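Asker: Take a look at the letters that make up each chain.
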Amino acid sequence: MYKIVEKKQLNKDVDFMAVEAPLVARNAEPGHFIILRVDKEGERIPLTIAGIRGNLVDIIYQKMGYSTQLLGKKEVGDTIEDFVGPLGQAAHIRDKKHVVGVAGGVGSAPMLPQLKAYKAQGTKVSLILGARNKEYLILKEEYAPYVDHIYLATDDGSEGTKGLVTDVLKPLLEQDDTIDHVVAIGPVIMMKFVTMMAKAHKRSIDVSLNPIMIDGTGMCGNCRVSIAGKTYFGCIDGPDFPGEDVDFDELMSRQSYYKDEEHVCYLKLKNETSAT
Amino acid sequence: MKQAPRNRVQEQDPQARSQNFLEVALGYSLEEARQEALRCIDCKNPRCVQACPVKVKIPEFIKLLLEDSLDEAFEKIYEDNILPSICGRVCPQESQCEGACILTIKGESVNIGALERFVGDYGMEHNLADKPVKDTNGIKVAVVGSGPAGLANAASLRKKGYEVTIYEALHDYGGVLKYGIPDFRLPKDIVTSEINNLEKMGVKFIKNAVIGKSITIEQLMKEEGYKSIFIGSGAGLPSSLGIPGENLSGVYYANEFLTRVNLMKSRAVPDSLTPMKLGDNVAVVGGGNVAMDAARTAKRLGAKNVFILYRRDKTSLPARLDEIHHAEQEGIDFRLLENPVELTGEDRIVKEVKVEKMKLGEPDTSGRRRPLPTGEYATYPIDNIIISIGQKPNPIIKDNTMGLDTQPWGGIVTDEYLMTSIPGVFAGGDVVTGAATVILAMGAGKDAAHHMHEYLQTKQQ
Ligand SMILES: Cc1cc2nc3c(=O)[nH]c(=O)nc-3n(C[C@H](O)[C@H](O)[C@H](O)COP(=O)(O)OP(=O)(O)OC[C@H]3O[C@@H](n4cnc5c(N)ncnc54)[C@H](O)[C@@H]3O)c2cc1C
Ligand SMILES: Cc1cc2nc3c(=O)[nH]c(=O)nc-3n(C[C@H](O)[C@H](O)[C@H](O)COP(=O)(O)OP(=O)(O)OC[C@H]3O[C@@H](n4cnc5c(N)ncnc54)[C@H](O)[C@@H]3O)c2cc1C
Ligand code: SF4
Ligand code: SF4
Ligand code: FES
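Heads up: the protein sequence lines correspond to chains A and B, in order.
Each residue of the first sequence is one higher than the last, beginning at 1 in our numbering.
Each residue of the second sequence is one higher than the last, beginning at 1 in our numbering.
Hints in this document: simulated from the structure, not taken from any laboratory.
A couple of the hints might just be wrong.
With beta-carbon atoms standing in for the labels, derived distance ranges [claimed, not checked]:
(1) A:90 / B:102: 57 to 65 Å
(2) A:39 / B:204: 21 to 29 Å
(3) A:79 / B:400: 37 to 45 Å
Given the structure is predicted, the values throughout are model-derived calculations rather than measurements.
Yeah, the Cβ is synthetic: ideal placement off N, Cα and C, and Gly gets one too.
Could you put together the complete structure from these sequences and hints?
Answerer: This is the structure in structure tokens:
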């Protein structure tokens, strides 16, 4: 059992939580993730490690469906049944001069430790944060000490540029020759378009893939992704990969295979909640 | 003297059982067990014992059973095999103990598996195995993985007085016994009960600990004070077919399929949070125990047409005979000498499997006749396909342990004492041999415990 030590609501849908998990904290590096089960009947869901402080592991999660909402109902002092990690390969912190991070929605959370690492090695760091609206632009303040420039974009124009992250990225890549690398984390569709844009402008790019996972240790093969026609396991070879050759369409298809079933689970939660 | 026929084990009706996950073989009653035990002629040089990987003293336990000394019969088996209820159910007896039984020359062997199961279950019901071990010699040893290899290793070392801790990557203990082998062959409460026995013996269990990630082998030795380590991390990485279309949605590896059903208890949503999506037509590729388990599980989840694609002939099927027989009874269709060559889909969801018909050529290195392509093809409509063609060791430990020698295929290299290239670190089970059997893994765990004890004793002096 893993104790919840801190909890903070970042917006209506996104929470921050610090969980006591010495065996996860011990060897964790930027880019690693954990898998948790909220309770004894729970499914295993992956979340990126957003930070490590002593024995505490920070996670930031968006309440999407059944399991993340169930997690959202836990409070400080409560416990989480299972919490395993650090899983996956650490992020590739490359030798670059100027990196632009492009984070969509809750992708802002896994991006933070990576950009911190880039900053620490002396790379210039720019960040584009994109979200539906103002309220969903999370972690702006947390980024401040680690980025040289921050650009905001919202779908409705309630803060920053009205439009998509790619609308902000395009002029940057066109005008700023010092940018030699892009890191994109967010919805697959966003990563797909950012990758296309980076390729068109001859910049290298890393993306963080989020296939459906069960064990997270290379055992089930559910998380497989195709990169340049070769199969990799997202959980042990990734989650970060060079974006150029990722088959994003396959990933989207594999992610949505269980859509109907997830919806049913979600309805179940709603019914349970309204019954109590 | 004419041999009495083998006493059949009662089984659930095939029609009924293909709709449920309850155990298929119901096991002997005391009277049936006695009847079967009478068939053993108590050989002077029992061939059965020689053919058992851990040398269970078969005629001796059978004799005790006949004398109504069931407690002693259990003790007798337990000396060599700490998991009799499990091995009695899942050992490939026909190629081990029973295959060598003298009675096979003239007829059918003694049903050693069913007798072992009977005595094992008796021992479990009467708590004969849960004996706390109070002594401790203060020496800490760590075991990686809670499959049969790790469990056997931990039990043996604990009995010798060591302070044993098992580290398991998953959220539950038992390895393949929990996540792979389905309930209808091995009910999970049996595995749980064996694990509880170890806990009562004083073995410590730590779950959610991925060795190599959460904590490394080096950290266990240098920072946590373990004097010796046993790696029993199994062969959990699924092998791929390497054909086009393998990453379409609806294509499962058996590990994913069985893990969803066994470990995550997928049935239908919303009763299960890790659901299982399965259509009417399901192909299963492979001919081993894993393939049989996948096919029979698919049937139980409601798939109407389940067929097995296997590239050799029926006599080459590596699965236990019982399971092949049970699968046939449950309506699994065997399409033999057929090898999948391509999967095609619609909207990226698998819809068809194309197979090439095979014929048998000369025997290959495995002694079985090599399947050869014929250039003839067939195509079947499918909703899902489950790939069950083998597993290799997981790379996590290999990739995160400096100085650990491994084979090109990922297996850990050990010497004759089961010690790896790192002094004090031993290994056994599937991670050394590649996917094998429960009893071989258990035997390796036990042997390694013996060598670890010797190693630690010499180091002490
Ligand atoms: C390596 C990795 C890191 C991640 N990091 C974060 C993070 O830091 N913060 C965050 O909010 N989310 C993160 N996610 C996504 C998160 O795992 C899913 O949002 C979560 O599993 C949804 O579960 P649910 O039951 O609440 O929603 P559901 O309604 O079950 O699913 C919503 C969507 O989440 C995805 N999903 C569902 N189950 C899984 C699963 N077992 N594995 C992966 N994806 C799944 C599917 O695309 C699905 O359509 C990460 C995913 C991966 C693979
Ligand atoms: C579906 C299926 C059916 C089978 N049917 C039969 C049968 O009928 N008869 C038979 O004899 N054999 C059968 N087998 C084979 C048998 O189950 C295996 O040979 C046996 O379980 C191997 O035991 P093991 O202890 O070496 O490994 P496993 O049982 O694989 O256990 C290894 C354990 O180590 C854990 N682990 C892995 N890596 C790490 C790590 N880095 N840190 C911590 N823990 C880790 C795993 O999670 C797992 O729990 C079957 C196998 C499968 C998959
Ligand atoms: S352990 Fe397996 S091989 Fe040995 S006697 Fe028992 S059933 Fe037979
Ligand atoms: S070989 Fe057969 S008959 Fe002989 S002791 Fe073994 S089980 Fe009994
Ligand atoms: S999540 Fe199971 S292999 Fe990656």
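Asker: With reference to the structure, classify each hint as holding or not holding.
Answerer: For each hint, the structure was consulted:
no. : hint                     : in the structure
1   : A:90 / B:102: 57 to 65 Å : holds (60 Å)
2   : A:39 / B:204: 21 to 29 Å : holds (24 Å)
3   : A:79 / B:400: 37 to 45 Å : violated (28 Å)
The structure fails to meet hint 3 from the earlier list, while all remaining hints are met.
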